[in-house]
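> Below are the chains, spelled out letter by letter.
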Amino acid sequence: MRLTNRYKVVSDKKMTFAEKLYLPAIATGLGITIRHFFKQKVTISYPEVKREYAPVFRGRHVLKRDENGAERCTACGLCALACPAEAITMLAAERKRGEEQLYREEKYAEKYEINMLRCIFCGLCEEACPKEAIFLTDTHVTAEFHRDDFIYGKKQLVEPVDNRIDVSKRGKPSGRL
Amino acid sequence: MEIAFYVLAVSAILSALAVVFAKSPVYSVLWLILTFFTIAGQYVLLNAQFLAAVHVIVYAGAIMVLFLFVIMLLNLNIATEPVKPVYMRAYEIVGGCVLCLTMVAAIHTSSFEFTPVNAYDNSIGTIEKLGVTLYNNYIFIFEVSSLLFLAAMIGAVILAKKGDI
Amino acid sequence: MLPYIVFKLILVLVILGLTLLIATYSTYAERKIAAFMQDRLGPDRAGKFGLLQPIADAVKFFTKEDFIPAGADRVLFTLAPAIAMSTALMASVVIPFGNSLILNGMEFPLQVANLNIGVLYISGVVSIGVYGIMLGGWASNNKYSLLGSIRAASQMISYEIGMGIAMVAIIMMSGSMSLHDIVQQQAGPIWKWNIFVQPLGFIIFCTCAFAECNRTPFDLPECEQELVGGYHTEYSSMKLGLFLFAEYVNMFVSSALMSAMYFGGYNIPWIEHLNLPHNVETALGSAFFFIKIFFFIAFFMFIRWTIPRFRYDQLMHLGWRILMPLAIVNMLLTGIILLLIQ
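Protein chains in written order, with the numbering used here: chain A, 186 to 362; chain B, 53 to 217; chain C, 4 to 345.
If you are wondering where the hints come from, they were derived from the structure by calculation, not from laboratory data. Treat the numbers as computed from the prediction; the structure is a model and nothing was measured. Here a beta-carbon is modelled for each residue, glycine too, at the ideal position from N, C-alpha and C. Don't take every hint at face value.
As the list claims (entries may be wrong) - Label-pair restraints from in silico Cβ distances:
| no. | chain 1 | residue 1 | chain 2 | residue 2 | range |
| --- | --- | --- | --- | --- | --- |
| 1 | B | Lys214 | C | Pro311 | 50 to 60 Å |
| 2 | C | Leu277 | A | Tyr231 | 47 to 57 Å |
| 3 | A | Phe335 | C | Lys51 | 39 to 49 Å |
| 4 | C | Asp42 | A | Tyr192 | 17 to 27 Å |
| 5 | B | Met205 | C | Leu24 | 39 to 49 Å |
| 6 | C | Val17 | B | Ile193 | 45 to 55 Å |
Unchecked claim - Covered stretches of chain A, as calculated for chain C (at least 3 residues, CB under 8 Å):
| no. | region |
| --- | --- |
| 7 | 211 to 219 |
| 8 | 225 to 231 |
The task is simple: from the sequences and hints, build the whole structure.
Here's what the structure looks like:
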């Protein structure tokens, strides 16, 4: 089967005199490099010019709050189940009286941890979530000095009340398989 | 000019002595190169720039590079130098004495009457002069020595090929 | 006599400065050209278009730790880059950078020393240059360095022969070993340039010049994939800088030699018909000479980023079994034709 049109048949045939001279080949090679010399450059001067992320970019996770600021996650564990890398662990707890403003559902995640060294950023947790609580954003997981610091807890994952993270551009990934 | 001669001569002798007394063979070769340079300097003083340049190219530039090459490949140093048996020492001493004797005899028999040459005559060491002399007066010796080189080259090829021919 | 000496001193300083400046900016040009050929931008942070990059490089080289490995021969380790650099600089002494300036009725040639053995002087200096690399490689006490230096030595000895014989053909034609005379004989119409008389000789000379400068496709003494850094594996700081810099100075000198010996040097074709004043003609000629030098430096760089490295046996095969016989044939043909013309 032919995969591309740019294949070349390799042969061991004897070189002709012109090929043995080697100089025409040098000229051809120089022609190619000189053509590239005047081509449009592909470099992006990073700090001044930034490249747009693709809309499907999958970066670090965020645990969303609802419009009242209550955490949406109900600790159902579907994300952990869906996770192929088994990066997600959680501990469920029952909502006490007076905590309605903090947690939307009666059950909530007391502990929610994602090991960013295990995570492969596939986005299956996002798909599995029935409460639209977890999303992958376009920010990055930053470098750390210790492996422990890569296990993100709720402190890092839940979005701050006063600084909501917009994931509307991503929407519900229902169209995906 | 006199000063230049003496500086060159003294440094030639000193570096030649250093060749003999240097501990490491690599240093010996380097001192020898310096000796060649001082001799090339003498040639320049005698207005023989061509000889000087050829001397540097052939001796310092080619032959000594090969020497250095071999020494580096063999990685000779003091630790690996084999202990020579006594009879070898004896041979060395006898050989050295014979060489000394020959040189003393040569100096003894040769006359030191110089025929003055105008050292400031620019045409004296030029390629033209040299070529004319070589190809008129010394043509036979010149050709014989070139044959000698040819023989050496063929010998090297045969040694290197060993049985293939 | 005094103005003559003063002029020579100024000329020496100017040529030294120019050589160093051109070599410095060659490093920048090399990086830029390499980048452009690979569809990149290259250094563009230091100054406008990265024009201050060489200065930044120099500052970095000078401030880095100057390290001598424990097993190294300290004297030779320090001496080697100095030899490499000084021999590279010595060669530019005999290159005629221009005709002559007439000031106050006195003629000042734009050449530091018009030796009557100029061409031989160049090959002598080049053959000494290999000691820098050899000693550096040996003194490092590292097998990669040693392999690199041994490669360098055998490569340089092998290609010197072809180069020398190619130069002999030029010497036979001009009847002089002085570079000034060789350039003078190419004055007049453009077909007086030696490239049109000695095209084969030029190809041989050019190839050998690449090999002598240790430039790709013949950069085996320092090929990264096999020998880490080659002869300068153990070098750091400005000692490494001197080695790298010597390569660029060598490149400048070979470019100057090629344009002087084969491309008419400072002669502009048909300029004598314009009846310009002598000094103006000299200035224009020098500018033209430098343009040719820049062209050859750029050519060196284009070749470097185009052609992959030769294998070592291919290198030796090319040097001994192709270039040397070709050079001898070229020399014989030149001799026969010269005899027939006479």
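> Hints broken by the structure, by number, lowest first?
Per hint list: single violation, 1.
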